[in-house]
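Chemist: Listed here are the chains, written in short residue letters.
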Amino acid sequence: MRPVVAAYAWLVRRLFPRGFVEDEAAEIVETFRAQCRAADTRWGIARVVLRSFGGLAGAAWGAWRDRRRELRRSPAAGTAGRAGDGPVTRAGGTVRRAARALARRPSFTGSVVALVALGVGSATAILTVVDHALLRPLPYPDPERLAFVTEGTHSGPFLEDLSAVPGVEAWAAAWRRDAVLTGGDTPLLLTDVKVTRDFFAVFGARPARGRLFVDDDFRDPAVAVVSFDAWLTVWGGDPGLVGRSIRVDGSAVRVVGVVEEGFRPPAPLTRGEPDVWTPLDPASAVMSEYHYGILEIGARVRPGASVEDVDRAVADMLRRRAPEVEAYREEDGRPVRIPVVALEDETVAGVRDDLRLLMAAVGVLLLVACANVAHLFLARGLGRLREMSVRRALGADGPALVLQLLAEAVLVGLAGGALGLAGAGVAVEAYRRTGVSAVPGAGELSLDLRVLAFAVAASLVTAVIFGLMPALQATRSDPAGGLREGGRGSTGGAGAARLRGALVVGEVALSLILVAQAILLFRSFAALASVSPGFAVEGVTTVPLSVAGVYGMEERTERAEAIRTALEAVPGVEGAAYGITMPLEFTGGSTCCWGMGVRAEAGPEAHEVHAAVHPVSDGYFDVLGISPVAGRPWAPGEADVTVINAALAVARFGSAGEAVGRTVHTDEASRRVVGVVPDTRHYGPDQDHGPALYVPAAAGAWSPRLHLAVRSRPGQAPPADALREAVWSVDPELPVPVVRSLEEWSARAVARESFASKLYATFGLLALLLAAAGLAGTTLHAVASRRRELGIRLALGEGRRRVERRVLAGGLALGAVGTALGLGVTWQVGRALERSVYGVEADDPVTLAGAAGVLLAVVALSSWLPARRAGRTDPVRVLGSE
Amino acid sequence: MDPESHLPLPPRTLLILAVLAEGPLHGYGILTEVEERSRSGVTLDAANLYRALRRMRADGWVEEVDEPDPEDPRRRLFRVTPLGRSIVEAEVARLQNVLSWVRPAQA
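As you go down the protein sequences, you meet chains A and B in turn.
Numbered per this note's numbering, the first sequence spans residues 1 to 882.
Numbered per this note's numbering, the second sequence spans residues 883 to 989.
Hints in this document: simulated from the structure, not taken from any laboratory.
Heads up, the beta-carbon is just placed ideally off N, CA and C, and yes, glycines get one too.
Mixed in with the good hints, there may be bad ones.
So the derived list for chain B, only partly shown, Cβ under 10 Å to chain A, looks like this [unchecked claim]:
#, residue
1, G909
2, T925
3, L926
4, D927
5, A929
6, N930
7, Y932
8, A934
9, R936
10, A940
11, D954
12, R956
13, R958
When you get a sec, could you build the whole thing from the sequences and use the hints?
Modeler: Below, the structure is given as structure tokens:
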């Protein structure tokens, strides 16, 4: 019984106004005790206890209200309004007073608003991006039933074999290619995606005008469906387009419909949005070869079956068919493995890790910002102790003061949140525009209501938590004590100092993580950028063309040569060449376009080395600045020759010198090696090319790709229009959409790393600034709070230098602890980063040492200024003010 | 100071005043009386009682008795003032009036 009464008594003393407690508390407790004693049953006692504790809240509330009414009648009114004020008026008064109080301290208000804005803004922006990429389901009906067949592109016969696999409602395949639209002012290069019969049904697409494909279309495929965006941009939204014929790849095609506006085809299948869709004729030649892999394949799984079931069924099918079908066998005879995964996973696979990392970095930044907000509020709350004490002595009541402080915190939080939201909007818009949006659906990014709600909630929670903590502390304390202690009491004592120290240590540790991450990513980017590509990047301009449907195979080489000659005639051009691809056209792990096994002796038994095959024109090596390490390039007209790269030479013959004059055999032909060139970074600085075979261009006439390159003096590249005119002088129907320098291709190849390193550098810098501010603030505060002590020391003859050093040491100690803590965490975090980092070990000591060095330097600087201030304390003034 | 301007009274206040109108009592006594009379219909705990008493003292409806309680000098005795008495009487009259409107309908 006694503890219950004691608890009741404690509550009564805490919850009620002072006057009330003085007059009534003793009797209330006595009465309660008497009630308990009088109750004879357990249940009776329980009822008394429950009723009494339950009534406390209401009674306290009423008591405070009564008190306010009393005060209104008395002249020593505190913060209450006039008698007769309604609750709205009083609330307005509170807000106004809060706003005035904030305006009186612009540096504090500005700092907190900025910090909240920073934290909330960056968190909101990142959350928008991540939400869009990772959290939203795919915009198709029942997206969890959609599957995707991995391992690149597949052949028509493979698709046929798949149709027998159980558990699948429908397969959907797509073949993305270039097509040339003629009949307008200039020829246009369009993206055409050929799709199978069920494609639109599987992804729930509907027509905006006309219709989509029906079964008949696949027998007579001279029809097309146009995408909504293309309908607007290419045909100007012409309502008469449906039913009309357009000229694609030289033949007439009838437009039967326009796809609805919002339809976004799945990225893994179509790699972007096509301009036109055409039916994929299952009987066409391209669909009949097992080795002709052109299709990206997806599927809708039957209800009741899972994607894993389909994956297993496909594996079974491959195993069963492997003995009959060579394409289903690996080199060692085992069946190939072609995993089938959920489309959702495939869509975000590439960016999921990056985005997770980004979220983590933003989380850290947010924590650092919150820590600084806490600093500021703590310092301010304690600093206002004096003001609060005076007001309470004059009769202001506790709740009203707390309410005002709460109003201040909310105002600041809302202002910071609004600012942060605006900043996030700008950031998201900027992100949307950059070419680095590898995030699926990036074009549709926009801040939505959920993000808005998060922003408001985050800012309010931040402000209220940090605003109330010290506020409650300040108003709870004995006002007389606050007045008596004067300046000394305003620091809040050892507890607060420890809290602030802990905050600083935390901030330093967190900043170290971000700084280390930034350094790591920067080094990765630098490593990537410094890789020697093996070809000349300056002074080369490339013109990628697609001659699909324009030239038949027989005439391609002849037309290509004609274009090459025309380009060489352009003033400023020193040489021109072409191939199927040019260096850096394909990066990030994708490659193109031709590979074969290379044998040293004729006959199938000899051991093969798999090499990429590059059909190139005469002059290719000159234009790209690739000098042979042995032998020479072939002369014009030389037949059955090849130039190989060093990797192939070593793998096949042991060394470059040994290879010249030898013969290599492939399925395509046997060729004599006339020269060996160094390995190039054809597919990007981070990709090791491996063995490669260069052959004269005629061997590559089967490919519709024609990528030209011209050499000019560095800095004196011929204008793009001149090059275009040269191409059109040979063939006015050939679209020339892109003219791009190798320097720009090179920048694009490292664009992702470049962006990432800049982004994390920004995070690191921001965190660093915040940590520095936090540390400087804490040290300054510590100095201010110990002014009396410092004054005494100085008066007693302690040197200024010693005082300075002592303060500096204090700051450095905090910083060192934080740095050590941060190093430990970074060590662990580095492991997670390893996958996305090129060329640098993630827990690389140089990076860690660099980050630690930066942090310690910042810590030293942040402590130095307050230390100097401490040294310059005037003992006379400090002691005299007591 | 028109008593009617304070009507209607909250049930708690009415009961406390009614109990005190019969004679001075200390806090615990008021609690027990109130509980008994209302047959636990009106629940009152110590804190709320004393808060109500304090308010009624401020308003002048109740006053403290100068002589201490003979049984326990620490406890205060409260009694109703003439103003308080007139308020209780006014409220009772009002309630009876209200009841008289209702009764004919029940018949």
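Chemist: Now look at each hint and say whether the structure bears it out.
Modeler: These are the hints, each one checked on the structure:
| no. | hint | verdict |
| --- | --- | --- |
| 1 | G909 | holds (5 Å) |
| 2 | T925 | holds (6 Å) |
| 3 | L926 | holds (8 Å) |
| 4 | D927 | holds (4 Å) |
| 5 | A929 | holds (4 Å) |
| 6 | N930 | holds (5 Å) |
| 7 | Y932 | holds (4 Å) |
| 8 | A934 | holds (8 Å) |
| 9 | R936 | holds (6 Å) |
| 10 | A940 | holds (7 Å) |
| 11 | D954 | holds (9 Å) |
| 12 | R956 | holds (7 Å) |
| 13 | R958 | holds (7 Å) |
The earlier numbered hints are all upheld by this structure, with none contradicted.
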